[in-house]
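> Chains B and R supply the protein sequences, listed in that same order. Note that the working numbering numbers the first sequence so that position 45 is 45, with each residue one more than the last. Note that the working numbering numbers the second sequence so that position 315 is 315, with each residue one more than the last.
What the hints contain is simulated information worked out from the structure, not anything from laboratory work. No residue lacks a Cβ here, since even glycine has one placed at the ideal position from N, Cα and C. Honestly, I wouldn't trust all of these hints.
Claimed, not checked - Derived list of chain B stretches under chain R, where covered just means 3 residues or more per stretch with a C-beta under 8 Å from a C-beta of chain R: (1) 87-96; (2) 275-285; (3) 288-302.
Unchecked claim - If you only want the chain B side, here are some residues facing chain R, beta carbon under 7 Å, derived: (4) ARG254; (5) GLU255; (6) ALA263.
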Amino acid sequence: MEQKRLFRLFIFALIAALILVACTGGGGDTGTTEETGQTETEGTTETGGEETTAEGETLTVQGFDGEVQVTIPTIEEGKTNVAFVYVGPIGDGGWTFAHNQGRLYLEENGNNVHTAYLESIPEGADAERVIRSLARQGFDVIFTTSFGYMEPTAIVAEEFPDTAFIHISGQKKNDTNFGNVFGAMEEMKYLAGMIAGAKAAEDGSKRVGIIAPWPIAEVIRLSNAAALGMRRTCPDCIMDIRWIFTWFDPVKEREAAESMLDAGATVIITGADTPGPVQAAADRGFTGIAYDSDNACAGLESNCLTVPYWNWGPVYLDIVEQVQAGTWQPEDFYGSTADGMLGLFGFMEGQTPYPSVPESVIPEVQEVLQQMLNGEFTRFDIFSGPIMDNHGNLVVPEGVSLTQSDLEGLTEGYMEAFGITGREPCTICMNFLVEGFDPTAEIPPLD
Amino acid sequence: MDGTTLIFIFNIVSAGLRTGTPLLFATIGELITERAGVLNLGVEGMMLAGALAGFAVSFSTGNPWLGVAAGMLAAGVLSLLHGLVAISLRGDQVVSGLALAFVGRGLTAVLGARYVQIRDVPRLPNIEMPFLNDIPLIGPTILGPLFGRQNIVLYLGFLLVPLVWFFINRTRAGLNLRAIGEYPAAADAAGINVVRLRYFYVFVGGMLAGLAGASLSLAVTPLWIEDMTAGQGWIAVGLVIFAGWDPWRAALGSYIFGALRRLPLDLQSVSWLPFASNPILGTWLSMIPYLFTIVALMFSSREAARKRLGAPAALGVPYVRGERGL
Numbered sequence: 001m002e003q004k005r006l007f008r009l010f011i012f013a014l015i016a017a018l019i020l021v022a023c024t025g026g027g028g029d030t031g032t033t034e035e036t037g038q039t040e041t042e043g044t045t046e047t048g049g050e051e052t053t054a055e056g057e058t059l060t061v062q063g064f065d066g067e068v069q070v071t072i073p074t075i076e077e078g079k080t081n082v083a084f085v086y087v088g089p090i091g092d093g094g095w096t097f098a099h100n101q102g103r104l105y106l107e108e109n110g111n112n113v114h115t116a117y118l119e120s121i122p123e124g125a126d127a128e129r130v131i132r133s134l135a136r137q138g139f140d141v142i143f144t145t146s147f148g149y150m151e152p153t154a155i156v157a158e159e160f161p162d163t164a165f166i167h168i169s170g171q172k173k174n175d176t177n178f179g180n181v182f183g184a185m186e187e188m189k190y191l192a193g194m195i196a197g198a199k200a201a202e203d204g205s206k207r208v209g210i211i212a213p214w215p216i217a218e219v220i221r222l223s224n225a226a227a228l229g230m231r232r233t234c235p236d237c238i239m240d241i242r243w244i245f246t247w248f249d250p251v252k253e254r255e256a257a258e259s260m261l262d263a264g265a266t267v268i269i270t271g272a273d274t275p276g277p278v279q280a281a282a283d284r285g286f287t288g289i290a291y292d293s294d295n296a297c298a299g300l301e302s303n304c305l306t307v308p309y310w311n312w313g314p315v316y317l318d319i320v321e322q323v324q325a326g327t328w329q330p331e332d333f334y335g336s337t338a339d340g341m342l343g344l345f346g347f348m349e350g351q352t353p354y355p356s357v358p359e360s361v362i363p364e365v366q367e368v369l370q371q372m373l374n375g376e377f378t379r380f381d382i383f384s385g386p387i388m389d390n391h392g393n394l395v396v397p398e399g400v401s402l403t404q405s406d407l408e409g410l411t412e413g414y415m416e417a418f419g420i421t422g423r424e425p426c427t428i429c430m431n432f433l434v435e436g437f438d439p440t441a442e443i444p445p446l447d
Numbered sequence: 001m002d003g004t005t006l007i008f009i010f011n012i013v014s015a016g017l018r019t020g021t022p023l024l025f026a027t028i029g030e031l032i033t034e035r036a037g038v039l040n041l042g043v044e045g046m047m048l049a050g051a052l053a054g055f056a057v058s059f060s061t062g063n064p065w066l067g068v069a070a071g072m073l074a075a076g077v078l079s080l081l082h083g084l085v086a087i088s089l090r091g092d093q094v095v096s097g098l099a100l101a102f103v104g105r106g107l108t109a110v111l112g113a114r115y116v117q118i119r120d121v122p123r124l125p126n127i128e129m130p131f132l133n134d135i136p137l138i139g140p141t142i143l144g145p146l147f148g149r150q151n152i153v154l155y156l157g158f159l160l161v162p163l164v165w166f167f168i169n170r171t172r173a174g175l176n177l178r179a180i181g182e183y184p185a186a187a188d189a190a191g192i193n194v195v196r197l198r199y200f201y202v203f204v205g206g207m208l209a210g211l212a213g214a215s216l217s218l219a220v221t222p223l224w225i226e227d228m229t230a231g232q233g234w235i236a237v238g239l240v241i242f243a244g245w246d247p248w249r250a251a252l253g254s255y256i257f258g259a260l261r262r263l264p265l266d267l268q269s270v271s272w273l274p275f276a277s278n279p280i281l282g283t284w285l286s287m288i289p290y291l292f293t294i295v296a297l298m299f300s301s302r303e304a305a306r307k308r309l310g311a312p313a314a315l316g317v318p319y320v321r322g323e324r325g326l
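From just these sequences and the hints, can you work out the full model?
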């Protein structure tokens, strides 16, 4: 009997674990997890923070099939205390890593600033409790860095009007103490696409592969920008695409790259987290483009073309300084290249392009980047008509530019589902693949 | 079948062999542990330990084989922790195994932070076999595309499976292994040191999980990233049941699951197969390993079905000399 019960328990535990693993796609970080209907579950939830002197409050959150303890960090009296809530581990080498670099920048450059962070916090109800505890602890500014924290942050913001809440990658805000921040990564992806196109033309394959994590507006926008960039430098290049339905699965990301390399691509652009796809291309003597953090291609210099990366530090510093000065107002902040929150590795000040970037394309990329830095060429110029989709239909007519709502794919259904107010719904919603993608490529349904 | 169809199939089979190999090592390791009567759910944690230790040692010494040895040792040592609880302290093996999975995960996250940015780790070598293409008929069409350039771990897997099968089923030591998993009291009466032998096979299982991890971080995806196994350790535990504790079927299952990871990706670009090219089918295909495992688990939770599947009778039961029963 004993044995039978034990086995039942084991079966139950394993099934629970499997369902969790299947549903999370292995966990990982994301800007838009909840949008995809996924639940983040992480097994190891650790606390971090610089010079945390005393033990803070302890919370129990539901982690990867089990409960994990989260110790809320304490504040330092007399300083501006800033807390960060991360969805993934800071060692992911991607999304959360880049945010943590931003935190370190703030700690170093801020005046009288103390920072602390909590990593691998599951989205949803647990996040709400964690954010509330941070606010109760007395943090002055709280950054929540994943799409799925939008609702929890909004709720807690109502309860603590004296604390500033900034949510990354969402669209919600209020009038007093809750704003959101994101950036026009599509501008960097456009430049990356230009380099990829030039390289594929040089290779003679005229075929570029892009890895798309989820069929959501953000990913579609970034992929389209890359394809438009590619067509600018190589009008007859074709872009292949693989949907992998995860932000983080090293083997699957690599296999997606292998799949497109087998299909003839010689340049791989990844939209997911690990540099594995670049490595896969490198192993065949081809090249790739990584994502998220400026040193994503460390160790792969000879086969990496560039990295479109996030530079969160200056934005964080700016917001915290405004809060310190008492001038901060909540807003929908969507930073462009000109705002200094984005980078294209090899082309920013003090950097040199990686050796495999075709010489011929460097001046053009530098020129467009300069226009972007000057604010003369923006995401709206990238997405201005005429734009055809990959089946030959005219999507954006001549003389029309997509609006910010179009770019973010703010359909009425989406806005209703997430309670987003004060924004216009999209008219030409970001739900198409531009000309340049393989004609057989399609956007899969999300549900 | 035309050329493109052949290439399509080879790509998937080749990927299945490549990415199924780490899963194969982990599954065989767990299989050996379970045949000795000990259930170790900590495969995921041990794999991560093996992956990190392998990566770190290979990076610092420049020798990937030292890395493999270190990975196997690290995971083996972790598995002994489970052995201590499960065998000596007679604790709950499910709880201990789960704890081990999380210890491995947390420990590697902390210790591995400094290796996240390293890409140029010395790797396990690929075996180039250009002569395969010279074999008439099947050379250029089948052997070349599949085995012309595979990693050495693939062949380790090919060697391991028959060896393990032969060991378990055809040797005296293998008989002892089966005895302590089926009827430890009888084995004890026959003069076999059940406790010592169980420790040994828990260690062997741990080392194979370590090999699985190291083959990931040094061959299949030569990187160190937190959580890089992404659930493969759990699939290995399920595969053991799916395989009915048989090494051959474990190998088959591992390769199939490896191929299933690749199939939905390749199907996305097949224009002549309108239904299958619908990427939504890909999500269903990706689910298959998990669905299979759940179905296997459901079947095996029935006592009779388990017996038919071949579960060791004393699986998960601590051995106490002189107590009645198994």
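> None of the hints should be skipped; say for each whether it holds.
Hint check:
For the stretch 87-96 of chain B, the proposed coverage by chain R is satisfied: 5 residues have a C-beta within less than 8 Å of a C-beta in that chain, meeting the threshold of three. Interface restraint, the stretch 275-285 of chain B with chain R: holds (3 residues with C-beta to C-beta distance below 8 Å; minimum three). A stretch counts as covered by a chain when three or more of its residues have a beta carbon under 8 Å from one of that chain; for the stretch 288-302 of chain B and chain R the count is 5, and the coverage holds. Of the supplied interface hints, the one on ARG254(B) holds, with its beta-carbon coming within about 5 Å of a beta-carbon of chain R, less than 7 Å.
Residue-level restraint check for GLU255(B) holds (minimum Cβ-Cβ distance to chain R is 5 Å; threshold 7 Å). A cut of 7 Å between beta carbons decides the hint on ALA263(B): the least distance to chain R is about 6 Å, and the hint holds.
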